[in-house]
Amino acid sequence: MKVLKIIAWIALIAFVVIQFFPMDYNQSETLPQTDFMLVNKVPATVEKSLQVSCYDCHSNYTKYPWYNKVQPVAWFLEDHIKEGKAELNFNEWDTYSDRRKNSKLRSIIKQIENGQMPLDSYTLIHRDAILSKEEKEAVLNYMKTLKDDLE
Amino acid sequence: MKMMKQNVMIAGLALVLLSATACKDGNKNEPAAPMSNEMHQESMDDMMDDKPMNEDDEMAMNNGQDAKAEAILTDYFKLKDALVADDNAKAKELGASLATTLGKLDISEYTDTQQSDLKDIVEDAVEHAEHISESDIAHQREHFKVLSKDVTDMVAITGTENTVYQQFCPMYDGGSAWLSTSKDVKNPYYGSKMLTCGKVQKEIN
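Protein chains in written order, with UniProt numbering: chain A, 1 to 151; chain W, 1 to 205.
Hints may be right or wrong, so weigh each one.
[Unchecked claim] Below, in silico cross-link-like pairs of lysine to any residue (SDA-like), each with a Cα-Cα straight-line distance of 20 Å or less:
{"hint": "1", "chain 1": "W", "residue 1": "K145", "chain 2": "A", "residue 2": "D148"}
{"hint": "2", "chain 1": "A", "residue 1": "K147", "chain 2": "W", "residue 2": "K145"}
{"hint": "3", "chain 1": "W", "residue 1": "K92", "chain 2": "W", "residue 2": "Y110"}
{"hint": "4", "chain 1": "W", "residue 1": "K92", "chain 2": "A", "residue 2": "E87"}
[Stated by the list, open to error] Stretch by stretch, here's where chain W covers chain A in the computed footprint (C-beta under 8 Å, at least three residues):
{"hint": "5", "stretch": "94-100"}
{"hint": "6", "stretch": "103-116"}
[Claimed, not checked] One side only, chain W facing chain A, incomplete, derived with CB under 7 Å:
{"hint": "7", "residue": "D124"}
{"hint": "8", "residue": "D136"}
{"hint": "9", "residue": "V146"}
Hints were generated in silico from the structure; no laboratory data involved.
Predicted model only: the values in this text are computed from it and were never measured.
The beta-carbon is built from N, C-alpha and C at its ideal position, and this holds for glycine as well.
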């Protein structure tokens, strides 16, 4: 019993203490000129889908719900976002060479088609990020035209 | 009282541990290191600026650079063979070493246009090779397709001393090509499932 009590206390103290650790939020104030939406003529519906379903992890600006600012969830998320941005950052779209854009588009199309993206762990909470059949089709069609234009 | 002391001690310990983790996280926040090939590029430029080269040096460099394009091909062929053999673990290893070799490609001897093309090719190819180093075999093969295109485009610029065959399988992903040192078709996209699907499309060199 004693041991359990001690553990509970430690957990509580630790939980409170970690709330005070500074966090780098992924919320850049500026939108670079190289952003996907700025360099492409993206249809409004597709733009909305991308903003809601992709930009949280694949751009420099994440819309955090309050519970994502609670540790240790925020730490877990931080790594997640870093990884997402390393793979693909829509804000930096135009810094990619045509060859890389082509590769990125290929992966975007593949992963949306296979349902690998948006991630299940993400849509579990962000129900609005789930792409409906129509939204999925619109995004895929648009990405495919972009890819064809590059080839 | 004793209990209290213990509590405080453990809480202190937890704090220390936590700050240690926090520091580690903090370090990870630093901007990622620039691509190794860019760094290499910079140091090459420096070298060029610092001392004009005599002909011997240039010869030596030329040889070195050829060796590096060949080294990329060697690694690529090894990777291809691993995929032919359905060997996921080996392909992972070879993907990682190919990524390293790609980063070392010396492009200083080429024209400006060729240099920028090669830079684009390497940047893209490194990414695919890195993905191959951490994926299951189906995913490795997807990346191998684009990687093969990158390497083919590289060879178009750098050339190669050996005869290379471009082979093509119409069945995989709407038709996919790869390079091989041998005329015999051994399909890296299907491995044992459909080992001989494909044909020689082109002979390079």
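Here is how each hint holds up against the structure:
no. : hint            : verdict
1   : W:K145 - A:D148 : holds (17 Å)
2   : A:K147 - W:K145 : holds (16 Å)
3   : W:K92 - W:Y110  : violated (31 Å)
4   : W:K92 - A:E87   : holds (18 Å)
5   : 94-100          : holds (count 4)
6   : 103-116         : holds (count 3)
7   : D124            : holds (5 Å)
8   : D136            : violated (12 Å)
9   : V146            : holds (6 Å)
Checked against the numbered hints given earlier, the structure breaks hints 3, 8 and satisfies all the rest.
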